[in-house]
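Model the placement of chain Y on the given structure of chain C, informed by the hints.
Chains C and Y, in that order, are what the protein sequence lines are.
So the first sequence is numbered by numbering that gives the first Met the number 0: it starts at 0 and just counts up by one.
So the second sequence is numbered by numbering that gives the first Met the number 0: it starts at 0 and just counts up by one.
Hint data in this document are derived by calculation from the structure and do not stem from the laboratory.
Incorrect hints may appear among the rest.
[Stated by the list, open to error] The calculated lysine-lysine pairs, modelled on DSSO-like cross-linking and capped at a C-alpha distance of 27 angstroms, are: (1) C:K366 with C:K409; (2) C:K332 with Y:K31; (3) C:K30 with C:K18; (4) C:K409 with C:K377; (5) Y:K10 with C:K332; (6) Y:K31 with C:K306; (7) C:K306 with Y:K10; (8) Y:K31 with C:K377; (9) C:K112 with C:K59; (10) C:K18 with C:K112; (11) C:K377 with Y:K10.
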Amino acid sequence: MTHNFASMVEVAEAVRSGKITAVESVERALKQIDGGDAKLNCFMQVDGRHALEAAETIDKAVSEGRDPGPLAGVPFAVKDLFDLNGQITKGGSRLREDAAPADADALAVERLKAAGAVCLGRLNMDEFAYGFATVNTHYGTTRNPHDPERLAGGSSGGSASAVAAGFVPLTLGSDTNGSVRVPASLCGLFGLRPSFDGLPIEGVFPFVERLDTIGPFTRTLEDMEVAYAVLAGAPPKEAPSTEVNVARLDGWFRSNCDPEGLVGVDAIGAALGDAPLVELSLAEAVRSAAFLITAKDGGQLHLPDLKTHAMAYDPLVRDRLIAGAILADEVVKAAEEMIERFKFELGQLLETYDVLIAPSTPTAAPKISDGLIEMNGKMVSARANLGLYTQPLSVAGVPILSVPLNRPGKLPLGVQLIGRVGEDARLFEVARHLVEAGLVAFTAPETLEVSA
Amino acid sequence: MAAPQTPDFEKFVQDALERASELEVLSERDVKSGVAQNLELLRAHYETVLTALSDGARS
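For reference, chain C alone in the conformation it holds in the complex:
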C-alpha cells in the first residue's frame, strides 16, 4: 500500500483544474484507508457511499464550469464528536450507540463541505475527549504512523494519525486542554487551538464548555491557513506588520522536557531574534486548576448518565468523571481564582511579547505497552499527563499553533506558538518564517511507502 502526501491545496488545485476528478481523489483516499487503517485504527466509521456521491456533485460542478469551491474534492474526516447529518455522534462511547442521529452537520463540517471538501467519516478518540492518549477500551487504541507501537496522542488521536498516515490531508479535532496540540506534536503535524470562540463549535459534543475549542490538523502550514479561512468563514485578521517580539517560556515549560525538545525550542527562539527566557510563575498551579475544572465540569455534564448507566462508560474515563462530579464547590472556586490570576500574569507577558514559545509535549510518542512518561523522577500515566505544557495555557483563551520540528529520521516533536486573543494570523506569520528557515516541517513516516 502506498500513501499519498499531496497537500490539501494541491488536491484542490488538481480537482479544480480537471487534472483529477473529485471521485478519483476520494476513491484514492478510501483505498488507502481500506489498506492501512487496520494497522492504525484511526477511523471508527467510513462512509464511502455518501463521500462518492458528494464527489460526483463536485465533478458535475467542474464539468459545467461552475466554481466547485476552494477545497474541491479534498477528502477530510472528523473526530467522533462532530455532528454529521443523519449519523450518531458517539463521542467515542458505547453509551451513545443508541442516541438519536444528528439532524444537521456541525457548522465547521458544513463550511468545509460548502467549500467543496468531502467528508469520509468519523475518527477515534479517548471517550468523551477525556485523555491525552486515544486509548479507548471499547474502540481500541489509535497507533502512531511513525511507529505503530507508540501512542498517537489524544484525545484527537484518530484525527492526527489519519493525516500523518496520508489517508487524508485535513481532519478536525477538538482541544480542551491540549487534545489537538498533543497529538499534533506526537504525529508531527500542524495543529491549531484557535482563539476561544474563533472557530465554530456549534454541533460539537461538549466536554468542558468554558475551555472547548475545535481545531484542524494539516501537514503543511499553507493547508492550515486555507482551512482556517474556510472554517472561520473569513481569512484571519491580518497581523500588524511590525517586528515580532518573541520569548521562550522558562520554568515549568522547561522542566521534565526531553532535551531534544528544548534544542528545538531554542533553535526556534534563535531564529526569531534571540528570544529571551521568561517565566510564568503560576503555570504549575494553573495546570492543577485546569485539571480540577475539567474534572468538575466534565463530571457534572455526565452526572445524569453516571447515575443510570455508569457501567456503559469506558472504565478509564468513568472513574475520572465520577471523581470530578463529586468535587466540592469550594474546590472549583479556588481553581477559578487561580485561573483569573494566571490570565493576568499571562496578559502582562503578552503586553511585552507578541508570541511566546514552549514545547508542545514533554516527550516524543511513548510506547503503547507501558503508556508512561517521566515526571519529576517518577513514571506517571501518559494518558493524564502528556498535556503538561498544553493544559496551563488552555484556560487563557489565547490562540496556540503547534508546529512540527523538522527532524527527519527521529520521532516527531512539536513546539507551541502562543499569541494574543484574536491574533491567530500572527502565529501563521511566525510559522511561515520557521518553515522558510527549514526549522519546521512534516516528515512522512518512514514506516510507510510513499507514492510519487
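Same frame as chain C, now just chain Y:
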C-alpha cells in the same frame, strides 16, 4: 488579600465519597477504588492550587 482557609485534606476523599450517595455504581468495589484513586489525584491538584493562592496572598 487573606490566605484561603486550609481544608482538611485527610478527609477530602472520604467527604467526596459521602457526597456521592446517589451514585449506586459506587457500591461496586472496583469503581469505588478507581474513584478514590482519582480523588487522591484531584486532592493533590487542589493542594497545589491552594498553596499557590496562599503564596500569592502572602506576597
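Numbers of the earlier hints that this structure fails to satisfy, in rising order: none
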